[in-house]
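**Student:** Protein sequence lines, in the order shown, are assigned to chains Z and P.
So for the first sequence, numbering that gives the first Met the number 0 puts the first residue at 0; every next one is plus one.
So for the second sequence, numbering that gives the first Met the number 0 puts the first residue at 0; every next one is plus one.
Only true hints are included.
Calculated cross-link-like contacts (lysine-lysine; reagent style BS3-like; alpha-carbon spacing at most 30 Å): (1) Z:K99 x Z:K12; (2) Z:K375 x P:K273; (3) Z:K176 x P:K270; (4) Z:K176 x P:K281; (5) Z:K273 x P:K179; (6) P:K240 x Z:K9.
Just so you know, these hints were derived from the structure itself, not from any lab.
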Amino acid sequence: MDFELTEDQKKQKESFAGLCAKEIAPRAEFTDKEAVFPEENIRLLGKVGFLGMGFPEEYGGSKGDPVIRAVLGEELAKACASTYLSAGASSGLFGIPVLKFGTQTQKKKYLPGVLSGEKMGALAITEPQAGSDMLGMKTGAQKSGNGWLINGSKTLITNGPVADYYVVAAYTDKEKKRDGISLFIVEKGTKGFSSGKPFDKLGVRGSPTSDLFFDGCEVPGENLLGEVNKGFLQLARTLSHGRIGMAVYSLGIAQACLEESISYAQERTAFGKKLAHFQDVHFKIADMKMYIDVGRELIYKAAWMLDQDDSQSVLFASIAKLFMSEHTTKIASDAVQIFGGYGFIKGYKVERLYRDSKLGEIGEGTSEIQRTIITKLVEDQY
Amino acid sequence: MEFSIPKESLDFKESVYRFGVRDLAPVSQQPEYDEREEFIVENWKKMADFGLLGLPYPEEYGGSGASVLTTTLAGEALGYAGIDAGIMLSWGAHMILCGVPIWQMGTEAQKKKYLPKLAAGEWIGGLGLTEPNAGSDAAGIQTTAVKKGDRYILNGAKMFITNGPTGKVFVVAAVTDKSKKAFGISAFIVEKGMKGFSVGKKLSKLGVRTSPTSELIFEDCEVPEENMLGEPDLGFVNVIKLTLEWERSCLVAPAIGGLELGLKGAIEYAKQRKQFGRPIIKFQAIRHKIADLKMNLEAVRQIVYKVAWLKDRDIPAMMEASAAKLFVSEIMEKMSSEVLQIFGGYGFIKEYLVERGYRDSRLASIGGGTSEIQRGIIARSIINF
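Whenever a hint applies, use it, and build me the whole structure from the sequences.
**Tutor:** Written out as structure tokens, the structure reads:
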């Protein structure tokens, strides 16, 4: 057993935290307020190797594993949740399925651009009538000559308006339900494909989200990702990455709330004393610290299990995500409470953190879906 | 990072579990002991024979030299085997709260005299810290010890002392220099039978009723000077430092097992209990409670193992230990309530273990430093005020 980060991991964390504080955090308020996609942040993350961590060098990747991705991811999410989300959707949600199931040609074509931050990727599963119930999706792909014709639409797609490449799930045999879904790589500019306008959102406003439309969209045969009708299983094998990624999103926000709360409680005076003197304030902060520390341990464990290819890693990814996201919304609410009226005002960081926190309970499978998965996996263990 | 548990520790956990199920649980789970508030002597003797009462002490003092992690896993195994929480509490008070200070702070003579007896279960031990007027404010104790010739004369009373009625030996804190406050309190090893030492009547409790609790009374109690434990005036501070991290890992370990047992029981019950024509495990409200049980079980495990791991490496873990204790105790209370809810009316009936588990869980956020004290410790470690 070893609960500590290695010296090397600690150094990486420190230097990446410095970079995030210097280059990314200062723009977070503007990014949120103007809902501007922070392109330059993504390129910076590509340049420093964050996006490519854990991918083979030949595709522009660098050394890394799920644990160090979680360690550094926390720093990025803490600095700017929008940047974190778009970066994760690009190199993680798009990049990992391509790496795992792509042909050599596909990997060479798509990964280097995405991992360097020059190109953006996205994953498109959700549809207007199919969110948690993925099998309820309607988008279909029909064989047409050497290629495929895709018809349907997707919604709530992170990076939808800005992505260059998309992994798209579509039915190739609707009758067969989960055994009838395939994945395709669709490029921006493909005939019959268009993306909608960015949605106006509660939080993570700098990470653009939109509809995608497929209207007789012509996808060449070589853009099938993995095997026909194996899309559902393929996605299932990558979901843990996304879930741990979303848990880390929440963790970073929670840690930012904790740090903001500590410094405010130490400087703000009321009734002739520092806020921190009041038990109600410092007990709230103690609870934040406790839940964050427990959640971080669960995330590290889930990441480690994923790296070990442990058979229970899916279960632990859900546990970590559920635990961290639900505690983070409470932590963010408490942080606003500690700031009082100021916490409700734009320009105060906790106001943004509070709005950003909510996505943690929705994205990458709602809390309800996580609970469904956990029980399904545990009910026959006893 | 590496989260796999060493195989020998896991094997030991498994053997303790099997022992618990076979030799302890059949007696431990009889509701009469809880009802009569009776200490289960039979369980205790078997635990001693198995070598559980002195696990972490060195072999030369009758122990097994087990690591904190292994001791924690043993506690978890017993909890999962369904061993009464009262016995587990008495185990912690005996082995950790009384034995660890003697082991870590005692003279060679003290260690030789007491540890083998504790490890063998011949004597039961306890810790006398809390007083009628000094609970969370532990440094506010009023019991005094005055040197007189070759003895100390103790006067005062201790309250809520686990193993009070059954214990033979207690580590007792008493003020030796009032002006120095917390740094003027010494620790003594006091035996039953010493002149002026008596025990109040057994207190009737909400839960952990098989673990006897009472007052300890010192009326010109004469304690030989060689029974002072550790340095004069510093015994109290050192005992606190020592035992808190231990008690906030090993002592809460049975709760982990208890939580897993609750999860298992809830799943089994929900599969066989039918309402509205189908097993209640088919209902989402039940399923999602089960998910929360599992999530919190893994959270509790991870955080307690971490404290044990830090303690095994002598890495100071005051904050981590407090956070773990706070988290575990509050989760236990919530989760035992959820388990009871799944059992419905049957959960409210004495015959079912969940009713006892629900009552037993309530102590955790009070004993060993209340939740409020833990929050204060965590806050002070990260905020300047």
